[in-house]
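Asker: Let the sequences and hints guide you as you build the complete structure.
Chain residues, written in single-letter form:
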Amino acid sequence: MMDNNELLKLESTALNIRRNILRLIRAGQAGHVGGALSSVEILTALYFNILNVDPKNPKWPLRDRFVLSAGHKCLVLYSALAEKGFFDKSVLDTYGDLDSIIPGHPNMHKLPGVETNTGALGHGLSIAGGMALGLRMDKSPAKVFVLMGDGELAEGSNWEAASAASMHKLDNLLVFVDRNKLQISGPTVDVMSYEPLDERWRSFGWSVRTIDGHNIAAIINNVKDMPFEKGKPSLIIADTIKSKGLSFAEEKVNYHYWKATPEELELAENDLDLIEKELKEKIERSAGK
Amino acid sequence: MNEMKDPRKTFGEALLEAAEKNPDIVALSADSSSGSGMGAFFSRFPERHFEFGIMEQGVIGFASGLATTGKIPVFAAIAPFVTARPFEMFRNDLGYMDQNVKVVGRCAGLTYNQLGSTHHSIDDVAIIRTIPGVTVINPGDPVTIKKAVHAMIEHIGPCYLKIGSPKMPVLYPEDIEFKLGKGIVMQEGSDVTLIGTGTVLSKAVDAAKLLKKAGISVRLIDIHTIKPLDRDLILTAARETGKIVTVEEHFVAGGLGSAVAELCSQEHPVKMKMIGLPDQYASNGPYEELLGKYGLQSDQICETIIKFLNT
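Residue numbers (the numbering used here), protein chains in the order written: chain A, 1 to 289; chain B, 1 to 311.
By construction, these hints were calculated from the structure, which means they are not laboratory data.
You may find that some hints are simply not true.
To be verified - Listed next, with one range per pair, are the computed distances between beta-carbon atoms: (1) 17(B) / 12(A): 31 to 39 Å; (2) 132(B) / 6(A): 44 to 52 Å; (3) 240(B) / 55(A): 16 to 24 Å; (4) 167(B) / 257(A): 49 to 57 Å; (5) 23(B) / 199(A): 39 to 47 Å; (6) 138(A) / 51(B): 14 to 22 Å; (7) 52(A) / 85(B): 52 to 60 Å; (8) 52(A) / 17(B): 46 to 54 Å.
Backbone N, C-alpha and C define an ideal beta-carbon position, used for all residues, glycine too.
Answerer: Structure representation (structure tokens):
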């Protein structure tokens, strides 16, 4: 079980990451905020508890790899990397600028800590599979983690990769599907048939678990069990809320890509202040125990 | 009569040679290994050979990921299925990510003659050379295929190597100097420059012989690397001969002829004739007859050039 103080610290980090996302939006005036906010807890757990990475040595060969297959969720990646110290937070203020090192989809050649150039959907899992295969050949202890969107799963190339990862028994590979249940045209299940997601992945030879994707302790405790079954790649279906943390935007499809007005930015600040207040009270209660 | 050799077998032998020396080389197959000449590699290095079944898009991604760990993946399969089909993976995962992956398209051009347009690859050079940083190699004989394999392994960066399928004549001695990006002058001449590449280089060689008999002084150049293009060699030929003819088993649109025209039209405009496939789906039939249908036999090339010189 996770230590409560450690958990509260991680929740504070998650809040900082949400604040960083807002900072990016303020700089660029728009961005794919919905899927970034729904995966904040996953990235928090990964970068601040799970991943063996060194911000001072981002190309360290023994590092764990994180592949953001759903590249449009880059705001959460930039926010987590900045929070972890891969680069100065002032870089976040350049979002949308000419030649910014943080484009609208991540670029590994521009920004330290980014492992892949994603953006086109359905690429990340194959690349991650190749990483896992190469690391296993080298008998490396490093593991490979992937974040996919649920809408992204309509891309057929994902299922090529899913078959191959299972065929080659890549149990050093773990995938999160951020099931926030919305894509740009509406609810994912109305756009294309995805369900039952767990059975689909199981039938491809994966070991699958479903958790609350905003529960940091659950994320960490489950990842610690990796591989869920020896010789199988692991998959976590993370049930999440799109635009989590912004009360006016949660579970609303039109915040998949948010063109922020000044009024909305103020509302968003207030929402995050409220989360901060609640978190402080939680921390005080915990200290008082 | 030149000795004839199987290009796929030649590729496979060269790959095995390279792999004996370089433990980072891994071979990837999309149910395509034995047909690509990699059977011997599989027998010798089963732990460095990965089968994926018929999923070319995914294999390109896996190759990219393997390359991030320092491996040198060589992915060989039928040419259109490693270029046109997974184009976005080639562009993003190999090109944009700048990964050290070697993609080999075999049975390229019209060499899958009987199988029709789905299996012809006469657009691969056009599409792959739009990807920044990718080296495009199209060797024209077994000796240079072998040298190209070693050169692409030594080169750091994504490469596309295309080879045909029927046995092809040996055009070069074993000690011919081969450098990526450097064309080979096969014959000096001053009336016209004839540039050939890949599977029909031998047709250009024979056409040059016929032209010589007709009293025409032809400078014959083998451009085995279409990207990066040997600018100096081509511009010198443009300046010194004033006329250029290109020959390729590829669409005229976007291939060697286009690449040469892009260069010359801007740096030293000369009259050009591009011999290749027209803007239509190629037909099917016996390979040599198919080449004849599109004017790619040596006597046809010779005739086209004589007409070109007289206009």
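Asker: Next step is simple, just say for each hint if it's right about the structure.
Answerer: Cross-check of the supplied hints:
1. 17(B) / 12(A): 31 to 39 Å: violated (58 Å)
2. 132(B) / 6(A): 44 to 52 Å: holds (46 Å)
3. 240(B) / 55(A): 16 to 24 Å: Distance hint for residue 240(B), residue 55(A) is violated at roughly 57 Å.
4. 167(B) / 257(A): 49 to 57 Å: holds (56 Å)
5. 23(B) / 199(A): 39 to 47 Å: Holds - the Cβ-Cβ distance for residue 23(B) and residue 199(A), about 41 Å, lies within 39 to 47 Å.
6. 138(A) / 51(B): 14 to 22 Å: holds (20 Å)
7. 52(A) / 85(B): 52 to 60 Å: violated (37 Å)
8. 52(A) / 17(B): 46 to 54 Å: Roughly 38 Å apart at Cβ, these two residues miss the hinted range, so it is violated.
Hint check: violations occur at hints 1, 3, 7 and 8; the rest are consistent with the structure.
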